[in-house]
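Since the structure of chain A is provided, determine the placement of chain B on it from the hints.
2 protein chains.
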Amino acid sequence: MPLPDDDIASWVGLSLIPVLGDESYRKLLRALGEPKEIYAASYASLSGVVGKDVAESIRRGINPDSLAPLYAWLSHEHNHIVTLADTEYPQTLLQIPDPPPLLYVKGRLDLLNLPAMAVVGSRNATPQGQMNAESFSRNLSDSGLCVVSGMALGIDAAAHRGGLDGMSSSIAVVGTGLDIVYPSRNHALAHELAQHGTLVSEFPLGTTAMAHNFPRRNRIICGLSLGCLVIEAAIRSGSLITARLAVEQGREVFAIPGSIHSPVSKGCHALIKQGAKLVECANDILDELKWLPSKIPVAADEASPPDGNRHPLLDALGFDPVGIDGLTARSGLTSDTVCAMLLELELEGRIACLPGGLYQLIT
Amino acid sequence: MPLPDDDIASWVGLSLIPVLGDESYRKLLRALGEPKEIYAASYASLSGVVGKDVAESIRRGINPDSLAPLYAWLSHEHNHIVTLADTEYPQTLLQIPDPPPLLYVKGRLDLLNLPAMAVVGSRNATPQGQMNAESFSRNLSDSGLCVVSGMALGIDAAAHRGGLDGMSSSIAVVGTGLDIVYPSRNHALAHELAQHGTLVSEFPLGTTAMAHNFPRRNRIICGLSLGCLVIEAAIRSGSLITARLAVEQGREVFAIPGSIHSPVSKGCHALIKQGAKLVECANDILDELKWLPSKIPVAADEASPPDGNRHPLLDALGFDPVGIDGLTARSGLTSDTVCAMLLELELEGRIACLPGGLYQLIT
Numbered sequence: 009m010p011l012p013d014d015d016i017a018s019w020v021g022l023s024l025i026p027v028l029g030d031e032s033y034r035k036l037l038r039a040l041g042e043p044k045e046i047y048a049a050s051y052a053s054l055s056g057v058v059g060k061d062v063a064e065s066i067r068r069g070i071n072p073d074s075l076a077p078l079y080a081w082l083s084h085e086h087n088h089i090v091t092l093a094d095t096e097y098p099q100t101l102l103q104i105p106d107p108p109p110l111l112y113v114k115g116r117l118d119l120l121n122l123p124a125m126a127v128v129g130s131r132n133a134t135p136q137g138q139m140n141a142e143s144f145s146r147n148l149s150d151s152g153l154c155v156v157s158g159m160a161l162g163i164d165a166a167a168h169r170g171g172l173d174g175m176s177s178s179i180a181v182v183g184t185g186l187d188i189v190y191p192s193r194n195h196a197l198a199h200e201l202a203q204h205g206t207l208v209s210e211f212p213l214g215t216t217a218m219a220h221n222f223p224r225r226n227r228i229i230c231g232l233s234l235g236c237l238v239i240e241a242a243i244r245s246g247s248l249i250t251a252r253l254a255v256e257q258g259r260e261v262f263a264i265p266g267s268i269h270s271p272v273s274k275g276c277h278a279l280i281k282q283g284a285k286l287v288e289c290a291n292d293i294l295d296e297l298k299w300l301p302s303k304i305p306v307a308a309d310e311a312s313p314p315d316g317n318r319h320p321l322l323d324a325l326g327f328d329p330v331g332i333d334g335l336t337a338r339s340g341l342t343s344d345t346v347c348a349m350l351l352e353l354e355l356e357g358r359i360a361c362l363p364g365g366l367y368q369l370i371t
Numbered sequence: 009m010p011l012p013d014d015d016i017a018s019w020v021g022l023s024l025i026p027v028l029g030d031e032s033y034r035k036l037l038r039a040l041g042e043p044k045e046i047y048a049a050s051y052a053s054l055s056g057v058v059g060k061d062v063a064e065s066i067r068r069g070i071n072p073d074s075l076a077p078l079y080a081w082l083s084h085e086h087n088h089i090v091t092l093a094d095t096e097y098p099q100t101l102l103q104i105p106d107p108p109p110l111l112y113v114k115g116r117l118d119l120l121n122l123p124a125m126a127v128v129g130s131r132n133a134t135p136q137g138q139m140n141a142e143s144f145s146r147n148l149s150d151s152g153l154c155v156v157s158g159m160a161l162g163i164d165a166a167a168h169r170g171g172l173d174g175m176s177s178s179i180a181v182v183g184t185g186l187d188i189v190y191p192s193r194n195h196a197l198a199h200e201l202a203q204h205g206t207l208v209s210e211f212p213l214g215t216t217a218m219a220h221n222f223p224r225r226n227r228i229i230c231g232l233s234l235g236c237l238v239i240e241a242a243i244r245s246g247s248l249i250t251a252r253l254a255v256e257q258g259r260e261v262f263a264i265p266g267s268i269h270s271p272v273s274k275g276c277h278a279l280i281k282q283g284a285k286l287v288e289c290a291n292d293i294l295d296e297l298k299w300l301p302s303k304i305p306v307a308a309d310e311a312s313p314p315d316g317n318r319h320p321l322l323d324a325l326g327f328d329p330v331g332i333d334g335l336t337a338r339s340g341l342t343s344d345t346v347c348a349m350l351l352e353l354e355l356e357g358r359i360a361c362l363p364g365g366l367y368q369l370i371t
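As you go down the protein sequences, you meet chains A and B in turn. First residue of the first sequence? That's 9 in our numbering, and the numbers climb one at a time after it. First residue of the second sequence? That's 9 in our numbering, and the numbers climb one at a time after it.
So here's chain A without its partners, still in its complex pose:
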């Protein structure tokens, strides 16, 4: 079989050798230079660095047929291979102990070296959790931090939407080949990321969703980032793995608290107990990072609604149910006035009417 005829083919060729792991790949690079030189090396040189199987496999060269899908994929705009030798390779990944030798990238290459923040959380997120993910991410993005997540359902998807909405866009690090969209329900999001953000994978084209690839992928999510924000997470969850990897990589971990009775807040609470920073708004993160926002959005802080146009009854309402008697007592208004205002607020969608004549704020 012929030797690979260009740089990309040799970088990818080595990565497709099943018995060659990333660590041995990096060992070869250190010992023998770039992949083209590795392919040109003698069996003796190769077997001095890696095992017999790998040396023989490299000496056999690359089957051009195996690269046909790669070249077809690379012929589309937005699709790129970025290797350790490229200036586009994310510099933050060079700080982690196990940077992938190459990345498949679909979308904007410039995002790979923007300051970034990982925003992750549960697939079984609550609606409020998803709203929090989106608004925190939009504010982080508007402040100059690209939002990195894993394109899972729930929090991840909401984080990408928020990041894309803001000034600094979003990067999805996925656990499959970039020619596969997983989960399929995120098809529209993947398309938008390819157009306006970036998708990144270390896995070869055609790699389907396999459970063991996802925790591995998580090290890249936090590796690309200055810190890792966990929005909602159960006690045993991938998000906590990402948070642990972030700590190991020396990244700051942030977590949003919630009800002690909500299962998807328990992971966040566990992180805070272990030293993660409790955050209530994006500015809490920026403050901790001593980050000077490139642009402070004029939009209201996501944690506290503006008080200017405060409805006289809204102060009396809480996040737990209250009846008209309670509202009359709290607000000092007559019950007629309270009833009229409640109807108005309900029509505006600002409060929820519960059974038993109870009312509750909607954020």
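Simulated from the structure, these hints should not be mistaken for laboratory data. Check before you lean on any hint, since a few could be wrong.
Note that the list lumps identical chains together, so a pair holds whenever it fits in one copy or between two copies.
Result set (EDC-like, lysine to aspartate or glutamate): computed pairs, CA atoms no more than 16 Å apart in a straight line [unchecked claim]: (1) Lys281 to Glu260; (2) Lys281 to Asp295; (3) Lys285 to Glu296; (4) Lys44 to Asp15; (5) Lys285 to Glu260; (6) Lys298 to Glu260; (7) Lys35 to Asp106; (8) Lys35 to Glu45; (9) Lys44 to Asp14.
For chain B alone, kept in the frame of chain A given last:
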């Protein structure tokens, strides 16, 4: 006017001199001995320790009429005066910089020297916050910690109820004279505390509710306690004053997290950011104190409902609203089954039905 004819009269007599503050009171005790001896001291001795006004006031003795209400009050069972010289005086208060020279006590004297935990929070608590206050307090009480609070509405009242329910009862430290129940809505609770727990005040009989006495009273709440648990609190609130005093007294501060959108969780979040321990159940507190519970209740942990009889739909419901479509998707059940189960759960009071066909868990 005659000199006071017993120890209690002289302790109380000095405390009723308006121009004599607690610090000067303690200075007199250190210089001249017990109050009876202070009353017997010469003007020269007295004015060598305190100001002219105070010395003259002491030399005038006590008007017996001014003590008549005290003796009437002391004639009732449950009512006591406990002074710095008594073995019943709470030993933990001796560690704080400004222990009151005497305490008015209504109820069980033995509680004053039990290990205790302060449980405080907002008067405008949410129903869930009050349930948390009650269940944490009951568990702490069952574990051998007497629950100390301020008998305000909301969290305080719920904490006392939980403490009284448990094995180690509860102490209310109030900001009025003990012959006055404030707020009047807590009359039944005050009665129960007098019967089965304890009420404590440093203020003379007849002292009405005055704003400046409440923060002062808070130092005794945490002074009596190993630590201070804040259940729900707004950003500027008396509970945060109590927490600050607790830190100054070297006590541990604990706080329960909640929604970042709930105003009465903001105080707790601020405390956690400043170093308070985030807690999700009473055991978190006992662990931190390295406390060996005198009795571990067999009741379920207040933070997680038992899973044994878990309804198949309850896992699919969250603490934020969800519709029937979402529930069908999450549970894998048919929409007919989901509707039937929702009705059943609503009738059992386990879920709330919101406008727009949305449903939500009730804890």
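Practice item. List, from low to high, the hint numbers that the structure doesn't satisfy. Key: Nothing - there is no hint that the structure violates, so all of them hold.
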